[in-house]
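Protein chains in written order, with this note's numbering: chain A, 1 to 575; chain B, 1001 to 1089.
Do not take every clue at face value.
[Claimed, not checked] Once the Cα atoms are required to be at most 25 Å apart in a straight line, the calculated DSS-like pairs of lysine-lysine come out as: (1) Lys572(A) x Lys1003(B); (2) Lys1060(B) x Lys572(A); (3) Lys369(A) x Lys154(A); (4) Lys572(A) x Lys48(A); (5) Lys1060(B) x Lys245(A); (6) Lys1003(B) x Lys1060(B); (7) Lys235(A) x Lys1060(B); (8) Lys120(A) x Lys16(A); (9) Lys264(A) x Lys394(A); (10) Lys1037(B) x Lys1003(B); (11) Lys572(A) x Lys1063(B); (12) Lys29(A) x Lys112(A); (13) Lys140(A) x Lys264(A); (14) Lys1003(B) x Lys458(A); (15) Lys1063(B) x Lys235(A); (16) Lys458(A) x Lys1037(B); (17) Lys29(A) x Lys465(A); (18) Lys231(A) x Lys1063(B); (19) Lys245(A) x Lys303(A); (20) Lys153(A) x Lys16(A); (21) Lys48(A) x Lys27(A); (22) Lys120(A) x Lys153(A); (23) Lys245(A) x Lys1063(B); (24) Lys275(A) x Lys231(A); (25) Lys157(A) x Lys214(A); (26) Lys140(A) x Lys16(A); (27) Lys275(A) x Lys264(A); (28) Lys16(A) x Lys48(A); (29) Lys1063(B) x Lys303(A); (30) Lys388(A) x Lys369(A); (31) Lys214(A) x Lys132(A); (32) Lys120(A) x Lys264(A).
In case anyone wonders, no lab produced these hints; they're calculated from the structure.
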Amino acid sequence: MAGPTGDKLITVDMTKQSVEVADFPAKWKLLGGRALSAKILLDLCNPKCDPLGPENVLVMAPGVLSGTAAPTSGRISIGGKSPLTGGIKEANSGGQPGQHLMKLGIRAIVVKGQPADASKRYGLEVTADGAKIVAADDCKGMLNYALCDKLAKKYTKTASFISCGPAGEMRLSGASVATTDQDNRYPARHAARGGLGAVMGSKGLKYVMVDPGKGGVRRPADQKGFGELCKNYTKSYQAGPQMFKHGTSSVVPVANMLHTFPYKNRTSGQSPDAKTLDGARIVESFATRGGGMHNCMTGCIVKCSNIVHDENGTYKTSALEFETLAVLGSSCAVATWQEVAELDRACDEIGLDTIETGAAIAVLMDSGKMPWGDSAAMAKLILEEIPKGTERGKAIGSGVVATGKFTGHTRVPHGRGQAIPAWDPRPLKATGVTYCTSPMGADHTAGLVINPGLTPDKYAYESQKSQLVNAVCDSSGFCQFLQPTLDDIRAFYGALYGEEVTRQQIADQGWQCLQDEWEFNRRAGFTKADDTLSAPLREEPIGAGMVFDVPAEIIQQVYTRQAMGDDLFGAKAAG
Amino acid sequence: MPKVRIPPPYRGPTQGTAELSVEGANVLACLEATERKFPGFLPQVLDEDGNVHRFVKLFKNGKLLRGEALREPLAADDDLEIVAAIAGG
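Can you build the whole structure from these sequences, using the hints too?
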């Protein structure tokens, strides 16, 4: 047996209101998620197009291992030209839709065109019988949770959903794409960065319903070998320290220690409120409020997702992540995790990236137009002003640069128009090199290097290594928090298709993904001059005088493939 | 002398040094010896009360130390690895 066969690719044309189901090219069998999205976009999308116009292409592509029994492997990539950066973008998410699509043998959904009537809303129903576009005007403007509740009543109990909130429908550049998680089918997972929710909204696509029906786990070519890999990998992981068993929010104190927990629009890398924003407080709350840790998708062994309840013991949000606590919380001088939980839920409802939104509000506060730490005003802004479409609401929903323009404030930390994640490029300079060179712009999941002791001669090497490993990981369906290595991934690929995948092949795959994405950006008009970060990060120090001062000649080294040895294949994905 | 392995996030104070051999009969002594060589290192591993931060794990010869980890004896050829829980999200 050759592994999974008969896979399909669905193309949806929103202009013609048509759906085509085609055979997935066999030569692409090891392409999934981010790498597949890049290949499709380079082929089908005009890089110079208006990101919110009919020429943009929205890709939804599960990873190669999604739908198999491999642990924590069900992630889905959402791709397109970003309205935020103007370059190619991939944002990926957990939840169930990636698993469900692959159980149906669907390797990607490609959405092209735009409906003639921009006021119309549509859904896409994907089942074992195929796919069809359906009217969804009754869902127009709905918040994500209410929408998914409505869809859960309309469709089968096994269905999962991909949706955009009002921010996406309004085509705001900070809009996310939500996916439903395993428990209760809440839209709590978000492919958040780069404004791909706005691309989905621009196509009039309010939701995608995926019903796997009786679609089973994908059967590998080497069932025994694949099963052994799953068993051994899981056993090894569970015998280890399981560093993320209390969630990414437990990182708060160490990030604060390293000056990479931004405070007041990144004027400091440390918050006086780190203790009340620490994820340890969330874990402590489980005893009195309920909630707990869970897996966001079937087959996850990391279980880093927290379910957060309010003081009455009622579900509030999931997962309350480190990045959200840092940028939507600390950088806006919000002092407690409970307040950030409210804001996280607000962003999930409207369908906004918590990083971009938090960074935008921090600029607003820094300009003096909202008091620092006023979480009630923030919630009102997100839940009321943004959906109403006030000028201020639209600016915040469109991200950090739009907010800078709106306020006239000049301290706007960003890279290629995208807000900087919590991980600060001033103490973490190799991560800053990633922000400058990654096709994704300032996105920590593209290549996070947390090593403040690196010498300058290693910045480009470590950034490129991390970018390459993460590109492969984000193509595989594995979650970065499982921290798989290239050797791990190629072993699973080999057993899935019954053929050896060499170290050279897997490394080339990662490099090719980056090449495809860089090529897209070159065609979009990006040049070396864009490989930088905004002035506050280069000129305003934090900690012991740290600024992002990596010379351009070092940054440019990332574009030349470095000779790498065993360290590449043992390096863990990190984002 | 026991070898102490420093995780990448903690290599600021060590100025990039990834591992070093230090004098010390147990885990705490080795960590303190590392601090003497690289001031600012120890607060990354121990909290204000002298306990191991909850986001830090210590491994002796690849085996996770539980309980009274700081008192664990270390012989000359032992390997002490520090692992820090840190990632994005």
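Structure-based check of each hint:
no.: 1; hint: Lys572(A) x Lys1003(B); in the structure: holds, 23 Å
no.: 2; hint: Lys1060(B) x Lys572(A); in the structure: holds, 21 Å
no.: 3; hint: Lys369(A) x Lys154(A); in the structure: violated, 43 Å
no.: 4; hint: Lys572(A) x Lys48(A); in the structure: violated, 35 Å
no.: 5; hint: Lys1060(B) x Lys245(A); in the structure: holds, 21 Å
no.: 6; hint: Lys1003(B) x Lys1060(B); in the structure: holds, 10 Å
no.: 7; hint: Lys235(A) x Lys1060(B); in the structure: holds, 20 Å
no.: 8; hint: Lys120(A) x Lys16(A); in the structure: holds, 14 Å
no.: 9; hint: Lys264(A) x Lys394(A); in the structure: holds, 22 Å
no.: 10; hint: Lys1037(B) x Lys1003(B); in the structure: holds, 14 Å
no.: 11; hint: Lys572(A) x Lys1063(B); in the structure: holds, 20 Å
no.: 12; hint: Lys29(A) x Lys112(A); in the structure: holds, 23 Å
no.: 13; hint: Lys140(A) x Lys264(A); in the structure: violated, 36 Å
no.: 14; hint: Lys1003(B) x Lys458(A); in the structure: holds, 24 Å
no.: 15; hint: Lys1063(B) x Lys235(A); in the structure: holds, 15 Å
no.: 16; hint: Lys458(A) x Lys1037(B); in the structure: holds, 23 Å
no.: 17; hint: Lys29(A) x Lys465(A); in the structure: holds, 24 Å
no.: 18; hint: Lys231(A) x Lys1063(B); in the structure: holds, 20 Å
no.: 19; hint: Lys245(A) x Lys303(A); in the structure: holds, 6 Å
no.: 20; hint: Lys153(A) x Lys16(A); in the structure: violated, 29 Å
no.: 21; hint: Lys48(A) x Lys27(A); in the structure: violated, 28 Å
no.: 22; hint: Lys120(A) x Lys153(A); in the structure: holds, 22 Å
no.: 23; hint: Lys245(A) x Lys1063(B); in the structure: holds, 19 Å
no.: 24; hint: Lys275(A) x Lys231(A); in the structure: violated, 38 Å
no.: 25; hint: Lys157(A) x Lys214(A); in the structure: holds, 12 Å
no.: 26; hint: Lys140(A) x Lys16(A); in the structure: holds, 21 Å
no.: 27; hint: Lys275(A) x Lys264(A); in the structure: holds, 16 Å
no.: 28; hint: Lys16(A) x Lys48(A); in the structure: holds, 22 Å
no.: 29; hint: Lys1063(B) x Lys303(A); in the structure: holds, 23 Å
no.: 30; hint: Lys388(A) x Lys369(A); in the structure: holds, 19 Å
no.: 31; hint: Lys214(A) x Lys132(A); in the structure: holds, 19 Å
no.: 32; hint: Lys120(A) x Lys264(A); in the structure: violated, 40 Å
The structure fails to meet hints 3, 4, 13, 20, 21, 24 and 32 from the earlier list, while all remaining hints are met.
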